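Protein chains in written order, with the working numbering: chain V, 608 to 870; chain U, -14 to 288; chain L, 547 to 932; chain S, 4 to 396.
A couple of the hints might just be wrong.
A few chain V residues that don't get close to chain L, going by computed Cβ distances all over 12 Å [to be verified]:
1) S621
2) G643
3) G653
4) D680
5) T803
6) E833
7) K852
8) E864
To give an idea of the chain L side of the interface with chain U (calculated C-beta under 8 Å), a few residues [said to hold, decoys possible]:
9) W617
10) T718
11) G720
12) T726
13) L728
14) A729
15) F730
16) F737
17) L863
18) V866
19) L902
20) I910
21) L913
Using 25 Å as the maximum straight-line C-alpha spacing, the simulated PhoX-like pairs for lysine-lysine come out as follows [to be verified]:
22) L/K751 to S/K126
23) S/K73 to S/K345
24) L/K893 to S/K35
25) L/K822 to V/K673
26) S/K389 to S/K376
27) V/K787 to L/K822
28) S/K37 to L/K893
29) L/K822 to V/K685
30) S/K185 to L/K751
31) L/K751 to S/K143
32) L/K751 to S/K189
33) L/K751 to S/K144
34) S/K369 to S/K389
Quick caveat, the hints were computed from the structure, so don't treat them as lab data. Treat the numbers as computed from the prediction; the structure is a model and nothing was measured. Backbone N, C-alpha and C define an ideal beta-carbon position, used for all residues, glycine too.
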Amino acid sequence: MVAQSNDVIPLVASGLSVKFGGLLALNELNIEVRRGEVLGLIGPNGSGKTTFFNVISGIYAASAGKVLLDGQDITTLKPYQIAAHGLARTFQRSRLCLSLSVFDNLMLGAVRRLNSGLWYNLLRRDRLAVDVRSAAEEARDLLAVFNPDLAGKLWEPAISLGMIDRRRLEICRALIGRPKIVLLDEPSAGMTHDETNQLMNEILEVRQNLGNLTIVIVEHEMGLIERATDRCVVLNYGKKICEGKYADIAADPLVREAYLGKS
Amino acid sequence: MSSIAQYLLNGLMQGTIYGLVAIGFTIFFGVMNVIKFSHGDVLTFGAFGGLVAAWVATALGFPIWLELVFVIVAAVMASAVIGAVIAQGLVLPLKDAPPLNMLLMTMMVGTAIRECIRLFFPNGTNPQKFPELLPSGGFDLSGIYFRYDGLILIAAGIAFIFLVQWIINRTRLGLAIRAVAEDGETARTMGINFTLTVVIAFAIGSMTAGVAGALYGLYYSEINYGMGLILAIIGFSAAIVGGLGNIWGAIIGGYLFAGLQTAVVAFLPALSDYKNVIALIVVVALIAWRPTGLLAERGSERV
Amino acid sequence: MTMISMKGTAGQIISSILVTVFLAGSLIAILEIEDQRELGICVAVIAVLSFIMPRLGILRSAEQAGAHHPWAVRSIILIGFFSVLLILRDNNFALLMIATILIYATVCLGITIQTGYAGLFNFAGAAFLGTGGYTAAMLGNVTWLPDAVTIILGGIIAAALGTLLILPVLRTRGHYAALTTLAFGVLFNGFLEANELLGGPQGLKVPGIQMFGWDFSNDLAIGSYTFSFYANYVLLIGAIFAVFMMFTRFVERSWIGIWLDAVRLDEIAASVFGLKVSVWKSFAFIAGNFLAGVMGAVYAKMTAFIAPANFTFGDSLLLVAIVLLGGIGNRWGVLIATMIVILLPEKLQFIQEYRLLLFSCVIIMLLMVRPAGLLARRVRVFEELR
Amino acid sequence: MRDSKGYAWRIGVSVLALMAVANVDDAFAKEKVKIAFVGPLTGAISQHGIGGRNSAELAVKLKNADPATKYEYELVTLDDECKPNVAVQVVTKIASDNSIIAAIPHYCSAAAIATVDIFHRFKLPMVIWAAVLPEITYAKKVPEIHRVSGTLIGQNRVGAQFMKERGYKTFVSFADSTDYGKSMNKYFTEFTKENKNEILGSFAVPPDQQDVSAELTKIKELNPQVIYFGGLTPLGARVRTQMEKLGITAQLEGNSGIMGDAFISAVGPELAEGTLTFFDSPPLSKMPGGKFFSENYTKAGYTQAPEAYGPFAFAATNLVMEEIERVGPNRAKITEALGKIKDRQSIIGPITFDDYGQNITPLTTKYVVQDGKWTIWDESEYATGKRKLKNLP
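Turn these sequences into a full structure, and let the hints steer you where they fit.
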């Protein structure tokens, strides 16, 4: 893997456009995500936030422009190749494997770090047992940060968890692979105000343990954006209309117009 | 040259029957996302219904044209009834079961229908003579032998295809069926009676099989209890190649499959018994090239 | 019915003994009883017992035993297997049926890996079974080739033939995938019927198995007991079945098991987290076809004859029915469902031509009553590795 | 439509009968002897299997009704689905059941070939009632194997000669792609070439193919005088009807596979008129026991016709029971006794087994359809010239 030099900007989208039939979902987007920062990505519904995540993670193909991850061009790579470069994400509508256990769902997040060799998995059962034990330990610790009794349900099927615990599981799934960049797609959806705050604290705490992980977060909860992000980018109809600290963009007339419509 | 046209005529007739069967598959898939594999045997059931109607008609001394109408109506009604019964009794209860369960269940229903006809229809195993109700003979046009009944049946088949097309796309009932196909829950909230629409859709889909069964009997003047399985496999392939959920796709798929079969025999007679093998190879190749059929199925997966 | 406390090692061992005795006993009873009335009573008793057993928690603790004391349970199963063999040693037909059940169960393990784990529909199981069989038939007169190699080659060629289908299988989903394999199954059968080289519809004779210097068509004498020659096949097939049961368990209880499930449940999520979906689907498809090919070769050598009529679309349907009825993804469910699906038509011989009708009605009823199958698959728990 | 309750009544009675048989304690009855019948009772050609089964059952019923017999016979019936692996399974079952003394197996040749070795291995004597493939008996000398039905060599030899005498020159062969069809085609080609006639082309289609108009269009191009059909009734009926639809006026020459009233009722008397075929036995009415057989068959209430090979199943079952009466219910003795059968009278005429166990006496009879019935050629108006075959040169 490319040695991670500090001066290279982790994630750069330049002139990025995506067309669905006639609809221009993303329009010449230029976004840079600096190392170790928490970048907020905000904008009204349908402004292209999730589409941006889907293009970066390789699910949708870009119609024009380029995406660089750690200086490498990942525009045309498939999702599993991009994941190998250390990018992880959560989904707006949770995509957990509900019939699998909590542990299995977490392990999916750690694919990069686990040995998938046939020989190893089928014949080196003793070594595998050790691996599973340490993985279970690590999973428990990570879950404990978010919710101690969630850590006790390692072998329960994901379907038995409540909505919020499922959201926490999905976030842990993204974090357990020790990615370089995490894309969080509306982590607070469906949560009350204080639940969102508590969740954000847990995310920031884990971020410390993982050594200043770079996070891009899509959110509607403005309080959370204000408290957690270093910088923000505002999208509207697939275009970047504003960038900067939360305080500055909040005051920007263009942003207010995008959200509230012409006054 | 003349035999080329003759092949074309044969291919057209086969294509019409495959198209009608494929339409049924597309409707079931559209409405309930289900592959009803008993569809071929519903066709056989319709054909036998028509045969019984023919016996009754001759017993009552109906004139030919009345007997013809009576046979087609009986075939259509027989298939519609059994199609609706299968929908109500077996498909709807298994609505939420995994697709594999539904697929296997419909295959077993097909087997059960086949066995019932074989065992309980008098001399069910033997091929049955289907009465010749259309004017026989034909006329020669520059070497090509056009049969009256062949032409009439192709026209009737195509007419029915347009009728179903019209029902689905132009009537309120068609609108309800398409709404249910698009999104069952929303259709329900819009006040559409989900169960009734599904059952009616299955009945219409089965009617196409009934017509195909009657046409089959009239064209080949012979039907047998086992003809449904191979027609189901071909109809299913045609519907898939055309793109499931798309009526025109099913029709094109049907004619494509018939064309393939006829072409193999016409141009490669030595390989005539590999006819189905070659046609299926092309089907698999097409699917590899266009995994959701020629006319792409409804929208790709939402992320 | 409160759960009798079957906790603790003793309770678990007892339960696994009970389960094994019950399975072995009902198999022997069904195979030996010919009279319809007695058979009816016996089936009723089995049905009642299999209804009560889970209620008493015996099944649950037997499963616990399997997880915590695997070797103890394996030896119990082995003892059960040999005692069945001993009791039925001179009943040729019973041994042939046991061998057939074990063959179909192993093939269904392969289909469980494909459909149960990776979520690939395979309606061409019989075609791969046939590939193995025809490989054994073609290599039959190559005398210098040891039979063990022929059987393995059967599997390899079936897997290789499967790779022709990889592209359409990988690119399609749901009903489209079902069509690809279904078309291949019908096509394979059509090809065999028309092809002269492979003996056409008339079929081919296949020599029996000679392994470890022992001709399998000789009766087997162990100690003072003489076994019918089919016992040789039951032992060989039993061994292969055991190996592949362990193989399937190791696949399921490993990282690979999780990857396959993830590929089945949500391809996009699996890919986003770094799984190359095509690799894992191909692994499952090839592994399943290999199993079918190996057992196809053994089945052809055992029945000493092979013809296209054995590998029709209906036979592929049978394999899918077994995997579904057993409880998709559940290895032990597959074995029990195979017993039912293979023995039922045989035992219904007395109603002759109504056999197929009753068989299809039974399957429909089972699908309606227990859509999840006889033994639904449990959530994967690694605790024995803890 | 005939009342289907007839069926329900028949099933009810047979189930009750089965139950009764299982219960009756036969303190004083004669010793029970079991013989097995195997045939295709499910699948596309099950009408032939059921016809054979009914005829075998009838033979057992009549034998048991005769007080003079030493034993009481019980017929164990099994369905081989016309599939080799199922045939192996059911034959292993009856072969390893020592209470079964002899067997009357197989309508399908693929099934028969698959089980020859099993009958030999378990020393179970058997008499094949239908499968006509020569290799079943002539492949190798196996003492347990016998066959009452002729091989398909005889009917093709006689057929080719007969067509030569009529003056036909050009032929096309249309067979099904099963072993039966391929073997028919092989001997047809052999004997037609022997008679120096010309074969313009040969076609093979799977037996379940519904539409043969493409192949027939090709044949119409070749314009042969005669179309030889090597296959069974279902496909034969389709070929004949679709020939008419395409305006093909060639003369149809059939084989034992389309013998029987199923073919005539499927194509209708007008289309069947003039169809030639060659069959290794005189018609039912002409058979020595023909009338006796058909009377008892209808009296026994069977709704499914005996079909062409029903009488053969009856004769084979009777033969086995006669030998058991003579030498007693012992497999080895029966095998030996069957081997020595010479000119044994039966309803299908005299039966003589050569040392391969093949019945060599069946005389191939020439048939033509006249007014909706299979009639012997010499007694038909075609022989006297009042009616003309098609395409006569």
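Status of each hint after checking the structure:
Here V/S621 stays apart from chain L, with its beta-carbon at least about 23 Å from theirs, past the 12 Å limit. Listed as a non-interface residue, V/G643 keeps its Cβ farther than 12 Å from every Cβ of chain L; the least gap is roughly 23 Å. Non-interface status of V/G653 relative to chain L is upheld: no Cβ of that chain comes within 12 Å, the nearest being about 21 Å off. The claim that V/D680 is not at the interface with chain L holds, since no C-beta of that chain comes within 12 Å of its own (minimum 19 Å).
Every beta carbon of chain L lies more than 12 Å from that of V/T803, the smallest distance being close to 24 Å; the non-interface claim holds. Every CB of chain L lies more than 12 Å from the CB of V/E833, the least distance being 29 Å, so the non-interface label holds. In this structure V/K852 is separated from chain L by more than 12 Å, as the shortest Cβ-Cβ distance comes to about 31 Å. The Cβ of V/E864 sits about 35 Å from the closest Cβ of chain L, beyond the 12 Å cut-off, so the non-interface label holds.
With its C-beta approaching chain U no nearer than about 35 Å, L/W617 sits outside the 8 Å limit, and its interface hint is violated. Proximity of L/T718 to chain U holds as hinted, the smallest CB-CB distance being about 5 Å (cut-off 8 Å). Residue-level restraint check for L/G720 holds (minimum Cβ-Cβ distance to chain U is 6 Å; threshold 8 Å). Annotation: L/T726 was flagged as interfacial toward chain U, and the flag holds, the nearest CB pair being 5 Å apart, inside 8 Å.
Interface hint at L/L728: satisfied, since its Cβ lies 7 Å from the closest Cβ of chain U, which is below the 8 Å cut-off. Because the beta carbon of L/A729 sits about 4 Å from the nearest beta carbon in chain U, less than 8 Å, this interface hint is met. The interface hint given for L/F730 holds, since its Cβ lies 6 Å from the closest Cβ of chain U, which is under the 8 Å cut-off. The restraint placing L/F737 at the interface with chain U holds, with a minimum CB-CB distance near 5 Å, inside the 8 Å limit.
The beta carbon of L/L863 comes within 6 Å of a beta carbon in chain U, closer than 8 Å, and the hint placing it at the interface holds. Below 8 Å, beta-carbon pairs count as interface contacts, and L/V866 has one with chain U at about 6 Å; its hint therefore holds. Checking L/L902 against chain U by beta carbon gives a least distance of about 5 Å; that is within 8 Å, so the hint holds. This hint holds: L/I910 has a C-beta 5 Å from the nearest C-beta of chain U, less than the 8 Å allowed.
Look at L/L913: its Cβ gets to within about 5 Å of chain U, closer than 8 Å, so that hint holds up. At most 25 Å may separate the alpha-carbon atoms for a hinted pair to count; L/K751 and S/K126 meet this at roughly 20 Å. Between S/K73 and S/K345 the alpha-carbon distance is near 23 Å, which keeps this suggested pair within the 25 Å criterion. Simply put, L/K893 and S/K35 have alpha-carbon atoms about 22 Å apart, close enough for the 25 Å limit, and the pair holds.
For the proposed pair L/K822 and V/K673, the alpha carbon gap of about 23 Å is at most 25 Å, so the pair holds. Restraint check for S/K389 and S/K376: the C-alpha separation of about 17 Å stays at or below 25 Å, so the hint holds. Of the pairs offered as hints, the one joining V/K787 and L/K822 holds, with about 20 Å between alpha carbons and a cut-off of 25 Å not exceeded. Between S/K37 and L/K893, the direct Cα distance comes to roughly 18 Å. Compliance with the 25 Å bound is thereby established for this hinted pair.
In summary, the hint linking L/K822 to V/K685 is supported, as the alpha carbons are separated by about 9 Å, within the 25 Å threshold. With a CA separation close to 18 Å, the supplied pair S/K185 and L/K751 stays within the 25 Å bound. With a CA separation close to 13 Å, the supplied pair L/K751 and S/K143 stays within the 25 Å bound. Restraint check: the Cα-Cα separation between L/K751 and S/K189 comes to about 21 Å, which is no more than 25 Å; the hinted pair holds.
About 17 Å separates the Cα atoms of L/K751 and S/K144, which keeps this hinted pair within 25 Å; it holds. Distance check on the hinted pair: S/K369 and S/K389 sit about 18 Å apart at the alpha-carbon level, within 25 Å; holds.
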